[in-house]
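Asker: Could you put the whole structure together from the sequences, leaning on the hints where they help?
Residue strings, one per chain:
Protein chains: 2
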Amino acid sequence: VTNDRARRLGAALAAANLGWAVLTDYDAVAHATDLDVPIDIGPLFQVGGPDVTVLDADGATTLVVPDIRRAAAQRCRADEVVVYETSHDGASPEALLRTVTETLDRVGVRGRVGVQPASLPYALGCWLAEHGAEPVGVDDVLRAVRLVKDAEELDRLRRCAELTSAAQRRALTATRPGVTELAAFAEIALEWEIPFAGRTAVTGDFLSGVERTAGVLGRPTDRMMCPGDPVIVDLAPRVGNYWGDSANTLFLGEPDAAFRRMHTAVRDALHRGIEAIRPGWTAGQADELIRAEVRAAGYDYPHHTGHSVGTASHEFPCIRPGAEAVLVEDMVLLLEPGAYRPESGGVRLEWMFHLTADGLVPLSSFDHVLSGRNT
Amino acid sequence: VTNDRARRLGAALAAANLGWAVLTDYDAVAHATDLDVPIDIGPLFQVGGPDVTVLDADGATTLVVPDIRRAAAQRCRADEVVVYETSHDGASPEALLRTVTETLDRVGVRGRVGVQPASLPYALGCWLAEHGAEPVGVDDVLRAVRLVKDAEELDRLRRCAELTSAAQRRALTATRPGVTELAAFAEIALEWEIPFAGRTAVTGDFLSGVERTAGVLGRPTDRMMCPGDPVIVDLAPRVGNYWGDSANTLFLGEPDAAFRRMHTAVRDALHRGIEAIRPGWTAGQADELIRAEVRAAGYDYPHHTGHSVGTASHEFPCIRPGAEAVLVEDMVLLLEPGAYRPESGGVRLEWMFHLTADGLVPLSSFDHVLSGRNT
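Chains as they are written, first to last, in the numbering used here: chain A, 1 to 375; chain B, 1 to 375.
Treat the hints with caution; some may be incorrect.
[As the list claims (entries may be wrong)] Simulated coverage check for chain B against chain A, where a stretch passes if three residues somewhere in it have a Cβ under 8 angstroms from a Cβ of chain A: (1) 118-129; (2) 192-203.
[What the hints assert, rightly or not] So the derived list for chain A, only partly shown, Cβ under 8 angstroms to chain B, looks like this: (3) Y26; (4) D40; (5) L120; (6) A123; (7) P177; (8) G178; (9) V179; (10) T180; (11) I194; (12) R199; (13) T203.
Keep in mind the hints are simulated off the structure, nothing from the lab.
Glycine included, every Cβ here is placed at the ideal spot set by N, Cα and C.
Answerer: Laid out in structure tokens, this is it:
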């Protein structure tokens, strides 16, 4: 076993009195094996089931994939790769289920086995239960390992933050009157697609105009941007197996004093958080500090203040009111306070951070300037 | 029950002696309820499980979704929508599993229940088995309903074909020396994204140059296109709940006689198929006719000759050697013969068709011209 991350996962299984885990969520498989699978064409492209990783308590991994992912599987860190033939006739999970159960049988999975109850195929769970295994939910065990990032993960996430920042800088010029949100977004996305050499999954929001920005959420549409528009550019691309995230608020033209005040309030709240938050705080305390700043200025936001990120775009912990999770060194966190007013539109400002013993170190490198060009 | 498609599914359940089905594949949920869910941000965005449709033998549908999909669910045709609260802490399927099991209990699911064994969460299957239900694989039953398209589905698929054709016409000018594959692809994708008013999932291939086109498969990369490149543009966007598909082969500059011969061979084979194929043929016969034409010209292709399409990009039947499925009226089919040579590159030409009593009626409206501008 040469895969340190899988070894740490295996140790966590052992500590939870689990001899094995069967991983079926794409982000858990990516975290454990580094299998690079595009997710932007849907969960069930041509074949009827998830890629499956069998992990033992020593961190040894066996990955089961369809033939169309053979090359990606051979490049990843799984200790063993088992390939089954792709179905060309739409969903027909027989080959998947047969190949995984043969693998489970051959490697000798039994006893207490960690499983992901929302994505473990029913047929696999039944096979385990009928073959001397006791399926036990493992999501909490995985979460505890994943909330701290290792050096390699920090490098990956730093790259995600850099590419996302380059895209935010591009947004300053791509976002202009007379262009649709979608066309601007396509231009912006090339900032990470070309370095990654491929199209990627991307979530977040692209909102122009008072009504859409005041509405908080929404992906880019055919709306043509106009002079006087506020624009929220929230970019969360998946570059390789890890996700970046970021938000900036632009203004097409000169914002009035009311909008500037709103922008300043959000920026000040974000920076108050950056200065104060340290390992040992709870996620709820971090939320409270930043949210209180925004509220003291007379605004509010109907969403969390931030979240962790990794092979999923939103990971534990969420920085939200009352969250009891303790922030620890080597988490990678997003902070994203906002302010929304039906008559003025919305502001959201988000950066990505590495939490160190000394506090939050920004991984994002773009500026939260309200207008002007800083490319 | 006002949903004709769900009513036909319900009748098929009854004919298979099933009182209920629990649908968990995204394409089955889309087909039964018309729930419009973006799939291009991955299978497990922020929540730990699939959207679930409970269908009875009368065609009544109950849809269970997280709160972030409430609006989409309320726009769809499910007779009842049940919403659970989104988790903000990464995968935590408890709310999904609790809400679905409460729903199964309330509507009285028991007896023989059709399930999709690769995507039915293990926890749900266990609940069913412990509460008087017998889970039975239902994929074959769904497949038999889905292989024939109703009038509304034909309209949807016609629109997919039209938008895909517009994108293929745009490819004639977007595909040029000095532009990366990714930048050309971004420009082309706007042809369906702007009418759809959103980014979509898209699969297929974008291959430039001799080496990449000879390699058959691959999504757009950072490769800069050059004079003398063959370019395979295979576009399969998901516009709403249905997929389009198409392929054209372009050439940047003047192709030599060898490449023209290859292109002509593929085009002639495709048109031979268009003229001959009728309802009643097996998929294998259709494959054989077209493949034999390509082989007679001295070429071959290492992939299927075509496939059906609907709420999944590849549906049953696949048109491949030996396939015994019989082609019937009101299927929507792709035919996509090709020719690949390491020294010259590759050609693939694909159109979308409605199979009528009189034969294949093209839904695609772009030309398979090897070079020149036809926009």
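Asker: For each hint, tell me whether it holds in the structure or not.
Answerer: Here is what the structure says about each hint:
no.	hint	in the structure
1	118-129	holds (count 9)
2	192-203	holds (count 9)
3	Y26	holds, 6 angstroms
4	D40	holds, 4 angstroms
5	L120	holds, 4 angstroms
6	A123	holds, 4 angstroms
7	P177	violated, 17 angstroms
8	G178	violated, 14 angstroms
9	V179	violated, 11 angstroms
10	T180	holds, 6 angstroms
11	I194	holds, 5 angstroms
12	R199	holds, 6 angstroms
13	T203	holds, 4 angstroms
When each numbered hint is compared with the structure, violations occur for hints 7, 8, 9.
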